[in-house]
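Enquirer: Going down the list, the protein sequences come from chains A and B. Counting in my numbering, the first sequence runs from 20 upward without gaps. Counting in my numbering, the second sequence runs from 222 upward without gaps.
Rather than coming from a laboratory, the hints here were simulated on the basis of the structure. Each residue gets a CB set at the ideal place from its N, CA and C atoms; glycine is no exception. A hint or two may mislead.
To be verified - For each label pair, taking beta carbons as the anchor points, the in silico distance ranges come out as:
hint, chain 1, residue 1, chain 2, residue 2, range
1, A, R277, B, P534, 55 to 63 Å
2, B, S401, A, R277, 54 to 62 Å
3, B, L367, A, F400, 44 to 52 Å
4, B, S363, A, E299, 34 to 42 Å
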Amino acid sequence: MHQPQLCQPWEHRLSRRRLLGTLAGGALATQGEALGPLFAPAMAEELRAEEKQAILIWLDGGLSQLESWDPKPKSPFGGPFRSIATSAPGIEVCELLSQTAKQMHHLALLRSVCTQDNSHSAGVARINRGDPKDRGVVYPFLGSAVAKLLGPTSSGLPPYIWIKPQSGGFKAADAGFLGARYGALALGDGKPPENLLLNPQITPEENELRNELRQRFNTRYAARRRREIADANSYVFDLAQTLMRREDLFDESKITDRDRERYGTHELGRHILQGRRMLEAGVRFVKVNSYHWDSHGDNFNACDSLVRQFDQPFAALIEDLADRGMLDNVLVIVLSEFGRTPKINSHVGRDHWPEAWSVAMAGTGLKRGVAVGKTNADGTFVDGPPHDIGHLFHTWLRALGVPPENMSYDNHGQPLPVANEACSAVGELLA
Amino acid sequence: MQANALQQQFEPKPLGTPLTYERQLCQARHSPCGRFLVASGYDATIQRWDLSQEPPVKLPPLTAHNGWVQCQAFAPAGERLFTADSWGKICCWQYTESEPRLEWSVESAHDGWIRALAVSPDGQSLATGGNDAVVRHWSADSGQPLSAAPHPGKVFSMAFHPRDKALVSGDLTGLIRQWSADSKTVVREIDARVLYQRHNNQECGGVRQIVFDADGSQLACVGQKSPEGGFATGLPCALVFDWSSGKLTQEMQVGTKEDGFAYDAQFHPAGFVMATSCAFPGRGHVWFWKPGEPQAFYQSNTIPNGRSLSLHPDGKSLALLVSLSANGNGRQLVNGQYDGGSARIHILGFSKPA
């Protein structure tokens, strides 16, 4: 006799059905939440039509600014590595970024970043949410914010895709008060959600019939509910259907040998390449995560290992986006929780340092081949106006065509600025 | 000699006031004559002390390098000092006078960080290796290149055999390669891979130092077992190999995973291994262990964070170089200044030197 068992591990993985269900639930939970009265619908449509996109490379922990974007050779804290010239006259970076140095004419550096947290527990969320003023709500991560503000592109693909090591799933937490609909669809190791692709035993004709049946149910469902609810349901089904039709995005046989060589076969290389493919397909916002950037000990051997793993695929990404003309529409961001201490501790490590660090970016709305802001000669503190993550959120939103000063979310009647209103965009970075 | 007898004879005790330097240093070595102690570090200088006076007199530093100076070696007769830096430069010094003289230098001897340097027993040549994974051979008289050969990994350590015409080099992956004395031919490979681990997305560990005993019958190397990334934890460990067979004869592991890398080691003429390890402030051991014995006869963390040790040629004392640099996240000012860490060299005398 069949005996019901306890749940099986596979049941906890993200399936297509669960994805649809989660999205639908999130949509229902947030039905009626549109951009508020300060955000004119006409502006929203205009923004969406521009097809701006973004890719955020998140180096979890802290990338040492001294071993990357802001080297200080011959200073007390300079470390063992050399600085090298780049394709942008007057800008030097650490020798570990030898490939990226050739693409520097496309990049913009902000070397005067000064943030508020030196711990992982508080820092991750604070940076990712743009450090808004505390209004008793949980703000969205940048990807969710962009998903809300700009929605999907005309590709219809999910607006926020997160490529990460290990497992995937639907990550609603990123969305904060926006609601689950604006969370991230995480692709574990860049792979599609389980059961996303059509079961090969179902013929296209059968699938067509199945969809017709669903449409009939939808129509009957919509007839008894408010239009917003029905629209939300359709929205998430359409997203999933679109992703299902893009089997090619996960077909590794379509990756050329040249791309494999240029991006590298290591984890971050594969994931950044997958990120490029998602951008090419029309995903609005792609986040690529790399973990273990936390070199409290043996920092310089760690950087020699890790920074090079970033350098190779990042340089290839910038080169490809530039060659394809995509940098005109795509915003590229490289971000960490904080920088690392100038001081080298007894374990030859660098600890957390939010006081003076750097962020690299490129693409739409930004100047190219510039380094804005500076640190003092020893690299210990910002020399000149410091810039917090709030300034960067303003800058990035403006680069994407969103005027943050004029826009707010409507959280059930509570107007909430899309970025910290005490900050403003870094004008020297904007094109 | 039994362990307790060894301990009675060789337990180290502080002598005098430690030498200090305001920046962190990586490695300390005595000149062959014993009169000079030199130490190099993070500020591209080589610091010198004249030990013939009491207290030791600090001499002007050697200054022609860039980046970090992490390795140095004296010519056997003591007339020259060779140094190498992390920007790829090697220098040959007449170092004994108050005003040192740079005899020759090679600006781009390697592409980047030189991690290891050794001088041949006859003093005619030196070998270097580093992050570019190339073993290079140079004329000691002129700095002219003699040979170059690829290494499978980044070269972290090197030593010439005291009698055989052989050079050994240890790399990040725990591979020790034996070369012909001119570095042109690979003779064999010795497995020290226990000192390496790919942990998460990071390559960790490596053979941090290689030394021979006086008659060349044993080779010891140091690093850490089960090395991990991030906090770079691991078990300080010395591995001892029989030179003729290349077989591992003993693992000399001490402390806990918090005691980090063993950075330096040396055989004492009495036949035991002296090693030191360093990790976060307050961690790390100094230990003396005679091969064949089940445990160290001396092990102490009373002077932690030892980066380097050097036995005085008279065998009566040991210089122990330690790092003094606190860790911690965020802004930490000392008297309004941002402190960058410093170094201290303890001179330790043996209880009853031979």
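Enquirer: Check the structure against each numbered hint from earlier and tell me which ones fail, lowest number first.
Expert: 2 and 4
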